[in-house]
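Asker: Put together the whole structure using the sequences plus the hints.
Numbered by the UniProt record's numbering, the letters in the sequence shown go through residues 1 to 515 in order.
The hints are simulated quantities; they were obtained by calculation from the structure and are not laboratory data.
All values derive from a computational prediction rather than experimental measurement.
Virtual Cβ for every residue (Gly too), placed ideally from N, Cα, C.
Be a bit skeptical, because a hint or two may be false.
Below, a list of computed lysine-lysine pairs in the DSS-like style, where the Cα atoms sit at most 25 Å apart [as the list claims (entries may be wrong)]:
hint: 1; residue 1: Lys-317; residue 2: Lys-259
hint: 2; residue 1: Lys-63; residue 2: Lys-78
hint: 3; residue 1: Lys-95; residue 2: Lys-47
Just the calculated beta-carbon pair ranges, DEER-fashion [unchecked claim]:
hint: 4; residue 1: Asn-309; residue 2: Met-390; range: 22 to 28 Å
hint: 5; residue 1: Thr-193; residue 2: Ser-161; range: 20 to 26 Å
hint: 6; residue 1: Lys-386; residue 2: Ser-94; range: 36 to 42 Å
hint: 7; residue 1: Ile-363; residue 2: Arg-426; range: 47 to 53 Å
hint: 8; residue 1: Met-3; residue 2: Ile-188; range: 48 to 54 Å
hint: 9; residue 1: Glu-448; residue 2: Ser-120; range: 33 to 39 Å
hint: 10; residue 1: Tyr-168; residue 2: Glu-416; range: 34 to 40 Å
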Amino acid sequence: MSMIAAYYSNKSVLITGATGFLGKVLMEKLFRTSPHLKVIYILVRPKSGQTLQERVFEILNSKLFEKVKEVCPNVHEKIRPISADLNQRDFAISKEDMQELLSCTNIIFHCAATVRFNASLREAVQLNVTATQQLLLMASQMPKLEAFIHISTAFSNCNLSHIDEVIYPCPVEPRKIIDSMEWLDDSIIDEITPKLIGDQPNTYTYTKALGEMVVQQEGGNLNVAIIRPSIVGATWQEPFPGWVDNLNGPSGLIIATGKGFLRSIKATPMAVADLIPVDTVVNLTIAVGWYTAVHRPKSTLIYHSTSGNLNPCNWYKMGLQVLATIEKIPFESAFRRPNADFTTNNFTTYYWNTVSHRVPAIIYDFYLRLTGRKPRMMKLMDRLLKTISMMEYFINHNWEWTTNNTEMLLSELSPEDQRVFNFDVRQLNWLEYIENYVLGVKKYLLKEDLAGIPKAKQHLKRLRNIHYLFNTALFLIIWRLLIARSQIARNIWFFIVSFCYKFISYFRASSTLKA
Numbered sequence: 001m002s003m004i005a006a007y008y009s010n011k012s013v014l015i016t017g018a019t020g021f022l023g024k025v026l027m028e029k030l031f032r033t034s035p036h037l038k039v040i041y042i043l044v045r046p047k048s049g050q051t052l053q054e055r056v057f058e059i060l061n062s063k064l065f066e067k068v069k070e071v072c073p074n075v076h077e078k079i080r081p082i083s084a085d086l087n088q089r090d091f092a093i094s095k096e097d098m099q100e101l102l103s104c105t106n107i108i109f110h111c112a113a114t115v116r117f118n119a120s121l122r123e124a125v126q127l128n129v130t131a132t133q134q135l136l137l138m139a140s141q142m143p144k145l146e147a148f149i150h151i152s153t154a155f156s157n158c159n160l161s162h163i164d165e166v167i168y169p170c171p172v173e174p175r176k177i178i179d180s181m182e183w184l185d186d187s188i189i190d191e192i193t194p195k196l197i198g199d200q201p202n203t204y205t206y207t208k209a210l211g212e213m214v215v216q217q218e219g220g221n222l223n224v225a226i227i228r229p230s231i232v233g234a235t236w237q238e239p240f241p242g243w244v245d246n247l248n249g250p251s252g253l254i255i256a257t258g259k260g261f262l263r264s265i266k267a268t269p270m271a272v273a274d275l276i277p278v279d280t281v282v283n284l285t286i287a288v289g290w291y292t293a294v295h296r297p298k299s300t301l302i303y304h305s306t307s308g309n310l311n312p313c314n315w316y317k318m319g320l321q322v323l324a325t326i327e328k329i330p331f332e333s334a335f336r337r338p339n340a341d342f343t344t345n346n347f348t349t350y351y352w353n354t355v356s357h358r359v360p361a362i363i364y365d366f367y368l369r370l371t372g373r374k375p376r377m378m379k380l381m382d383r384l385l386k387t388i389s390m391m392e393y394f395i396n397h398n399w400e401w402t403t404n405n406t407e408m409l410l411s412e413l414s415p416e417d418q419r420v421f422n423f424d425v426r427q428l429n430w431l432e433y434i435e436n437y438v439l440g441v442k443k444y445l446l447k448e449d450l451a452g453i454p455k456a457k458q459h460l461k462r463l464r465n466i467h468y469l470f471n472t473a474l475f476l477i478i479w480r481l482l483i484a485r486s487q488i489a490r491n492i493w494f495f496i497v498s499f500c501y502k503f504i505s506y507f508r509a510s511s512t513l514k515a
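Answerer: Encoded structure:
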C-alpha cells in the first residue's frame with residue numbers, strides 16, 4: 001500500500017492557484033490516489049455571473065477529472081471553494097471562512113502566482129511576494145498545520161548558470177520592496193524596475209526569487225519546503241498522456257507551428273530544452289508534502305523538478321519532433337524537410353522568415369478589409385512574435401541544476417510509492433512525450449478532432465507552398481532592383497544565364513550523339 005496516499009486520507013488541504021494548470025492536476029491526483037481525503041479548500045477569485053460552486057463544476061466537468069469521478073463519486077462534496085482575492089488584504093476572505101481555514105487546514109500547497117513575463121513590477125510583487133507573505137502569516141495561526149509547500153520556479157536564479165538547492169539572497173530585502181510598492185507611483189516603479197531586477201530577464205523570475213526569501217525569512221517554526229519546476233508542460237502519464245489546458249510555455253509555439261504561423265524561432269539549437277511534465281511536478285509536490293510533514297527536516301529543503309541534468313533534450317530535437325507529429329511523418333524524415341531549421345541561431349534566417357510571414361499577413365488583412373471583415377492576421381502575428389521574444393532568453397541559455405534533494409526523496413520512497421508517485425524523469429521518452437504533447441494540444445486545448453490531421457497536413461502544405469512562392473517572388477524583385485542599380489549584379493546575372501544556356505546546349509548535344 002502507498003504510504004503517501006495513506007497519509008493524505010482524512011486530511012484537510014488548502015491549495016492556492018487551484019484553478020490554474022498545475023493546481024488542477026494536483027487536485028486531481030490527490031483525489032484519485034487518496035479518495036478518503038477529507039476536504040480540499042481552494043481559493044477562488046469571484047467572477048461576475050458565476051457562483052463559486054459553478055466554477056467548481058466547470059473544473060470537474062473537464063476531461064481531466066473523468067477518472068477521479070470513478071474512484072471518488074462524491075468529489076464535488078470534498079471541494080470547498082473559498083471566495084478570495086490575492087490582491088486584497090487578508091485575501092478578502094470572510095471571517096467565517098478564515099476561521100474554518102485557520103482551525104482545520106493540515107497542509108498548504110501554495111501554487112498561485114502570476115506567470116506573465118511582462119507583468120508590471122507592482123503586479124508581480126503583489127501576487128508572487130506579498131501574497132506569499134500573507135499566506136505565511138495565516139499559516140502561522142493554524143494549529144493543525146503539518147506542512148507548507150511553496151511552488152517557485154527553477155528560473156528564480158536564472159542569472160546564474162549553476163544553481164544549487166539553496167535560497168540565494170537578493171540585493172534588496174523583500175520587505176523593503178513590498179513597502180515601497182505601497183507608496184510609489186506607477187511611473188516611478190516602471191522607471192526603477194530595470195535597476196531593481198538587474199540581470200534577471202523579467203519581473204516574474206525576480207519576484208519568484210523574492211518570494212523564496214520571504215518563505216525563508218518568515219516561515220518561522222513552520223515545516224516548509226520549496227519546489228522549483230522548470231518549464232511545465234503537458235502530462236506525461238497521468239491521468240492520461242498529453243493533457244494541457246493553457247497556452248504557456250511550448251503550447252503556444254506548438255499551436256503557432258501547427259497553424260502555419262511559425263516557421264522558425266531564434267534559439268540555440270543545441271541548448272537544453274528543460275521541459276518537465278506537469279504530472280511529474282505534481283507527483284514530486286505530493287511526495288514532498290508527505291516527507292515534510294512526517295520527517296520534519298530541520299531546515300527548509302529545496303527540490304529541483306528539472307530534466308536537463310538527468311535526461312536532456314535540446315530545442316532542435318524537440319522542434320523536429322513537433323514538426324514530425326504535425327506533418328504525420330517519421331522523426332527521421334523531419335531531418336530532410338526543408339523547414340528542419342525550426343530552431344536557428346542565425347539572425348538573418350529568423351528575420352527573413354519573420355518578414356516573409358508579416359507581408360502575407362498584411363496582404364490577407366487588406367483582403368479582409370476589402371470584403372468588409374475585421375482584419376486579424378497582423379494582430380495574431382504581433383502577439384505571437386511578442387510571446388516568442390519573451391521566451392528567447394530561456395531558449396538561448398543553458399543551466400545546470402543540482403538535484404540531490406530530489407534524488408534523496410526518491411530513494412526514501414517505497415517501491416509502491418515510486419510507482420504511484422513517479423517523478424523519475426530518467427524514464428521519460430522524449431520523442432513519445434512530444435508526440436503526445438502535440439496531439440494533446442490539438443485534442444484538449446484546441447478541441448479539434450484528431451481525424452482532421454490529414455486535412456491539417458494539406459493546409460500546412462498549402463501554406464508552405466505559398467511561403468516558397470512568396471520568397472521566390474520577393475527574391476526576384478530584390479534581384480531585379482539590384483540588376484537595375486548595380487553593374488556587378490548585372491555581370492553576375494549575365495554570367496549565370498550564359499552558364500545555364502551553355503550547360504543546356506551541352507546536355508542536348510550529348511543526348512543527340514548518344515541517340
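Asker: So which of those numbered hints doesn't the model satisfy?
Answerer: Violated: none.
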